[in-house]
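**Student:** Below, each chain spelled out in residue letters.
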Amino acid sequence: MSIPGIRDRKIEDVGLQAGVDRLTEDQIQKTIKKVLKGETGAKLKLYAETCMRCGLCAEGCHYYMSHDKDPSYAPVSKVRQTMWEILRHNGKVSPEFIYGCAQIAYTECNMCKRCAHYCPLGIDIGYIISVVRRICHKLGVVPLYIQDTAHSHSATMNQMWVKDDEWPDALQWQEDEARDEIPNLRIPLEVEGADIFYSVIGPEPKFRTQLIYQAAVLMNETGQSWTMPATPGWDNSDMAMYTGDYEVMGRIKRAHFDTAMRLKVKRIVMGECGHAFRSIYDMGNRWLGWKMHPVRVMHAIEFYHELLEKGQLKIAKTFDTPVTLHDPCNIIRGRGLMDQAREVVKAFCPNFVEMTPNREHNYCCCAGGGVINCGPPFKNVRVEGNKVKAEQLIRTGVPVVIAPCHNCHGGLEDIIHAYKTGQELKFLIDIIYECMEKPDAVE
Amino acid sequence: MRLASSWDWEPGQRVVLESTKCSEEHEWQEEFYASPDGERLACVVRLSDFESGVWVNGEVWESRFDRVWYPRFGPDNRLTVLAQAEMDWTVATEDAAWEDSYTYVWGTRFSEDGAHVAVSVQQDGAYGMIVDGKIWDTLYENANNFTLSPDGSRSAAAVQAIPMGQAEVAKFKAGVFTVAVDGQAWDKIVMNAWTPVFSKDARKVAAQIRLTHFDYAIAVDGGLWPDTYQMVWEPVFNPANGQLAAPVKAGGAWGVAIDGLMAWKPRFFQCWQPVFSRNGQRLAAIVAPEYGEFTVAIDGQPWSWTYPVIDQVVLSDDGSCAAARAKDNDEKWTIIKDGKPWERTYDMVFSPAISPDGAFAAAKVEKKGQHRIAVNGHELETVFDQAWDPVFNPEGDKILVRGLSQGKFLRAVVPVEQYRY
Ligand code: SF4
Ligand code: SF4
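Chains A and B supply the protein sequences, listed in that same order.
Basically my numbering = 1-based index in the first sequence + 66.
Basically my numbering = 1-based index in the second sequence + 77.
It is worth saying that the hints were derived from the structure and are not from the lab.
Note that the structure is predicted; figures quoted are calculated from it, not measured.
Ideal Cβ positions, reconstructed from N, Cα and C, are used throughout, including at glycine.
Just to be clear, a hint being listed does not mean it is correct.
Claimed, not checked - Simulated restraints, written as ranges between beta carbons of each label pair: (1) R362/A to P303/B: 14 to 22 angstroms; (2) A203/B to K272/A: 14 to 22 angstroms; (3) N134/B to E490/A: 27 to 35 angstroms; (4) E409/A to S230/B: 57 to 65 angstroms; (5) N446/A to T289/B: 28 to 36 angstroms; (6) F273/A to D292/B: 28 to 36 angstroms; (7) E243/A to A247/B: 37 to 45 angstroms; (8) G328/B to L153/A: 34 to 42 angstroms; (9) P186/A to K248/B: 25 to 33 angstroms.
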């Protein structure tokens, strides 16, 4: 069976190829039927029956817009090439077809849900794509690099193969570093009964330790009762959610919430990450059976906002360089933090310039949904797939882009580099750390 | 004999020491820890920019270190810390450090009687465990999910037995992990191994296993139960007869299998934290009969009262009574005992304790930042800035209360008969 569109741009990936090499059509059909019968319900059926194939969602998608309106990148086309075909053929599809499905689902859709805002029926293409990914996971057809990340989650309970000792060691190292600036600073480990468990994503202790340092300064200088665990369960990230390995998603989310409950904290404050927020706030918790999160979860933006409101976070100076703000999908479309984000940015940055479109209409960074984690083979499509984002950035004319999300940083860095926008990328905490009052700091 | 039987159980309250003494003498003081018997209070203090020490009841240990962390009292009231000196790490119990030092140590564990102390270790990039100063003969590429047998005679962990390079997905799928017991890896190498657990007599070890991306299993001493499942959670041994129980998911629902046979029919949306009573007669677990509704099931029968969140089930010795922490929709915590919640709710309820006969449940509770101890839903009078979890005496008619109040470390023994219902 041929798929118009994806067959013309097949990308070689060792993981996808090894996966389909083992498949038979019977196996595929059996697996598909099992997933559709056992794990989907009225929602998928309703979407399949109500989608009018009108194409209004096309302009919602940055892939479509960035690839000169190539119809095969339109949201409806992505589901037409995958799920609608699967349903039409009652799951009797070829291994080669599954390769195409996997390539589309894992690398050509960020599950950003922007298109849902354009669909007159509110059809959630991201959800349909997630079912395609679940089928591909069950068939063992997953891009190599993101599969490796999901394996790391399963073996270490974190995204980056961080070993058990490397975590507390990294925290103690950051505590030592920060004491040069704030002599009485602590990163309190394993303090039962603290108000806050500060949780981060796997790359922080590995590559972005400055973020742990800055968060520790914020916590100390605003007088928080906080702790970090010294055990696995510290990582809030979740690529298993994006490979479709919901069993591992559940396992790592349970590890995270069990850690919070063991420490008897009142809330989890998480660093600036979007996909991890989706996993904790929406996906992983619910898959485990909790309607909401068993321990209250706050994204960093909400936390900074609260600190400003309570007067605990005081501003020593403003950040005068003109800045713009990238709205991460998972916390803006997913949680509605657009106003709080702006209030925090404006409190520190008097020269704030909106990019257009913005808020819930903002374009995705094109890294999200695990796409960036599919690794080098798919980088070009990802970067080409977000020309509209680069144009958005350039139009702002500002030298600094704030993106309160790790994946967005990964995606935007590539775009900034590829399209030579010349902009500097910052987390909100970078600016807060630079501009906040630090009463205990030594000169 | 239970360790607590030798403690002072004379009813009444006494001031053990002025806890403010520590901050008066030391500019840098970390969190306090109280010994289980309530006779000692300890914390880490910084003695100079490059020197840390251990403060216990007003005295600082003679041993000094570059860094000290994780001070923990064992069940026998001895204090153990993890300590760094000249870049290397070691373990010190009651001011006596182990002879050897290591690249990194963490995760202190005690045997039930406190006589044995174990830690996880990384030595020159290889991983394993040390028990009472003796390191495993074989160390591994990676290790986690460390555990010590109840009697402290054996230790185990999930280990990576086969080296693996970056993104070697096929190799991982073929299996690189297993369980090592006292450093010896099982022959059975699998994709994932989690939560190894010992039987009471330390003769058997069981673990959760993932064989493929979709097939989960339970392993005992390296052999697998005959069936595979959609998912499994932590297995637990019956302390009386050595049977093994584990939550398993089959046909889209959770139940409990015992020694490989389905014992609780899979009918729950969720099932975890299995726990046997001390006499092995009853098995309890947290279950969700419906999505979003959690409760406790005993021998497969769920309580009718459900909560959005349930945590930490404790059973009386004969399993006739049970208690757990529960959180409601307003984010308030309480204790649910034998299917009925306490009337009052709190900002936080800590680990529940249950008397051996199950007549009383007690817990530290928190409201507006202050701690009290509550028994069967009644709050004791003393308000603490910080309290520790209550402990029942072996007869179950008194509790030991430990806490800091107005600069004093208090120890009280309170008869609980009046709170019986
Ligand atoms: S990338 Fe976003 S806009 Fe495009 S199809 Fe996927 S969910 Fe829709
Ligand atoms: S998803 Fe919505 S907008 Fe897109 S084609 Fe279907 S009905 Fe039209």
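**Student:** All hints are to be evaluated individually against the structure, with a verdict given for each.
**Tutor:** Each hint tested on the structure:
Judged by the Cβ atoms, the range 14 to 22 angstroms given for R362/A and P303/B is violated: they are separated by roughly 43 angstroms. Look at A203/B against K272/A: about 20 angstroms separates their beta carbons, and that is inside 14 to 22 angstroms. For the hinted restraint 27 to 35 angstroms between N134/B and E490/A, the CB-CB distance of approximately 54 angstroms leaves it violated. At roughly 59 angstroms, the beta carbons of E409/A and S230/B sit within the given window of 57 to 65 angstroms.
Evaluation of the 28 to 36 angstroms hint for N446/A and T289/B yields a pass: the beta carbon distance comes to about 33 angstroms. At about 34 angstroms, the beta-carbon gap between F273/A and D292/B stays in the expected band of 28 to 36 angstroms. A hinted range of 37 to 45 angstroms holds for the C-beta pair E243/A and A247/B, which are about 39 angstroms apart. Checked against the hint of 34 to 42 angstroms, the pair G328/B and L153/A fails, with Cβ atoms roughly 24 angstroms apart.
Taking 25 to 33 angstroms as the suggested C-beta distance range, the pair P186/A and K248/B does not conform, at roughly 49 angstroms.
Violation of the numbered hints given earlier is confined to hints 1, 3, 8 and 9; the remaining hints are satisfied by the structure.
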